[in-house]
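Listed in order, the protein sequences are those of chains W and Z. Start counting the first sequence at 1; every next residue gets the next number (this note's numbering). Start counting the second sequence at 642; every next residue gets the next number (this note's numbering).
Just to be clear, a hint being listed does not mean it is correct.
[What the hints assert, rightly or not] Derived, one-sided and incomplete: chain Z residues facing chain W with beta-carbon distance under 7 Å:
hint, residue
1, 694
2, 698
3, 733
4, 752
5, 760
Hint data in this document are derived by calculation from the structure and do not stem from the laboratory. In this text the structure is predicted, and so the values were computed from the model without any measurement. The beta carbon of each residue, even a glycine, is placed where N, CA and C say it ideally should be.
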Amino acid sequence: MTKKIKRRQFLAGMAAAPAIGLAATTKVAAQAAPAQTSSIPPVPLTDRPLSDMPPQTIGKTGSDFMVDCLKALDIDYIASCPGSTFRGIHESIINYGDNKKPEFITTLHEDTAAAMCHGYYKVAKKPMACMVHGTVGLQHASMAIYNAFADRVPMLVLTGNIGNPVTRQVYIEWNHSAQDQGATVRDITKWDDQPTSLQGFAESMVRAHEMMTTVPMAPVLITADGDLQEDPIPPEIEKKLRIPKVRTPSQPAGEIAAVREAAKMLIAAENPVIYTNRYARTENAPALLVELAELLGAPVVDAHNRMNMANRHPHNHSSRREAALQAADVILALEPIDLWGLNNYVPDLVTRPNDPRRRQAGLKIIHIGTEHMLAKSNYQDFQRFAEADLLISGDAEATMPTLIEALKAQTSAADKNRIAARGKKVKEQSAKLLDQLRQQVAYEWDASPISSGRMVMELWDQIKNEDWMMPTETQFLSDWPYRLWDIDKPYRTMGGSGAQGIGYNTPAALGAALANKDKGRLTIAVVGDGDFNMAPGVLWTAAHHKIPILYLVHNNRAYHQEVMMILRMAARRQRVQSQNVYVGTLIDNPAPDYAKIAQGYGLFAQGPVSDPKDLASAIKRGIEVVKRGEPALIDVVSDGR
Amino acid sequence: MRTMKAIRAFAWVAALSVFVAGAAEAQTTPKGDAKAGLTEFRKFGCYSCHGIVGQGTLRDGPRLNAAALGYPAVLAQLRTPRYEMPAYTTVQISDSGVADIYAYLSSVPKGPDPKSIKALQ
């Protein structure tokens, strides 16, 4: 108890402390701030032992001011599982802040809290915060922070720390304190700070906001000192506190001369192709891309890491990606992420050769992006180096209006005729794709376990007349949504995890659903069983906070990617006849019952559904529940891919 | 990236299928046991890349069902594969085992007419 009192040297009871015989060190501290002790009403003395009667805090506390900062940043939600290193802020959010802006979203794992921020931003286009326990909570959150870092998505991560070793309670608070909390995630955040004053905290929060919302975006970490949180603010300090003005930053666009050069190259091209990956930053981006593609009469190949373009737009040639790229004499790559991988390939063979893909001789590449503007040394998410013929440093979306204007200004009448003819051909090629894809999915329609094509299209049949949004990845579903759904609005999808850290989809989808709830959209998420098992507690958060979302568990009862990889290893070594290849890759025997798990967390749930004929009715019932404002889950026993 | 692998693999196998068509005519497709082939198809993990009924997957393996490829093409790809698929030698699966798998894949129906499927409209 004595140490507790030492930590709270600014507490109101401090005026009475010398009278009850505190240790000399405390007296010295109290004497060092006489004005503070005299300005705060004393707590009445009683004859009870000190350990039963800690001093009370009167007036505004440091963590109240920290909540003022969160409100100034317009943070709507803060996801967290409680931890003592930030108990001051926690209490201030719910009482001083009235649990509004931000509202406390309770999670059962810090990874969930951070991943929710990831998904939330990609829908709301504004950052969400998570608050994680010192050391251990931050370590738990780190994989989700890494995913967001690799995906260049901002989030505000707050953690607590008992910075002063003398005021730490014995044992546990030492374990949860660090000399440098930020060191845990410094390689995977854009910036971090551990301010030692409240004014410093305010300035760091606003600086963090500016930095994380300026491209290249990424998570930021602010460490809130425990004493700063819990101590009252001396009035003379409070009078001077000021939260800097929070501004929405403009984004850096490409230099005009370079953009004009790009326009020149594109106009001169015979077969320009536009490649998009992390291009779209706002909901305006798809319309700008369409305008560009139509101006150029060019096909677009989209890698789906953002909602870049409506999939059925006649210029969207993503389903014939390689054919389009092989014909290109100029590729305009918009935030491509992996430019080397666009034109090269390392096949998964024993020798791991470097194979250039088949491309036109003399292919020119224009790269507009920000990838090279943020890279850390340790984690290798920056991908292999690739050169472009023209590199334009700047946010691709912010550069679009200038590029479009430059194209309009520089295109001659003769160019227009040539481009129009090319555009007509591009549209004709696109028209044939849909029927071919429908025929492909028919081949697996009656398969049991249920094929991914059947599952995806039964889902589509139920949502196509709704205002839907699907936040989850599709690569394990043979990309059927991108191939056969009508992904028309600029918010229908949001791309992937960034770093492929498993356990992203289930919580990130819930973050997206939280944002969609505010917009009145129906959220439907297809998550793998491997992903789901990383964070099943997400379901409790969905139920507790009544976040409407329909989860379909793509239950192939395996880490299926690894089934394929271990088979490949075994086949290379001529050992595939052994059934040992399934050791360590199956999630079976016993087969988890995901419907029961969901029910245990308070959700409406159905399954396991293994007969394809039962799927449509199960989805219909699930959507009815979600439309009532609640989460639901369907366990679909599925084919591997 | 894997999309391209699959497309390239599929294109190659399709090309190979045409190339060996003459040989296929001369070479009788061995009569296999479709029921045993289903067991083999699953036991050897073929399903994991090619789908549970051989329908193919976008990134990992082309369609094999409903006689998408001739037997010689399937056998050639198994024994001396191109691209990333590892070789399945006779140590691992006999020619008769391959014939059984081929019989199974050939027995898989083409599926309903897409126009008859409400969810595909």
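Against the structure, the hints come out as follows:
This hint holds: residue 694 of chain Z has a C-beta 5 Å from the nearest C-beta of chain W, less than the 7 Å allowed. Nearest Cβ of chain W to the Cβ of residue 698 of chain Z: about 4 Å, under the 7 Å cut. The hint holds. For residue 733 of chain Z, the interface hint holds, since its Cβ comes within 7 Å of a Cβ in chain W; the closest pair sits about 5 Å apart. Using the Cβ-Cβ criterion of 7 Å, the hint placing residue 752 of chain Z at the interface with chain W is satisfied: the shortest such distance is roughly 4 Å.
About 4 Å separates the beta-carbon of residue 760 of chain Z from the nearest beta-carbon of chain W, less than 7 Å, and the hint is met.
Comparing the model with each earlier hint shows no violations; every hint is respected.
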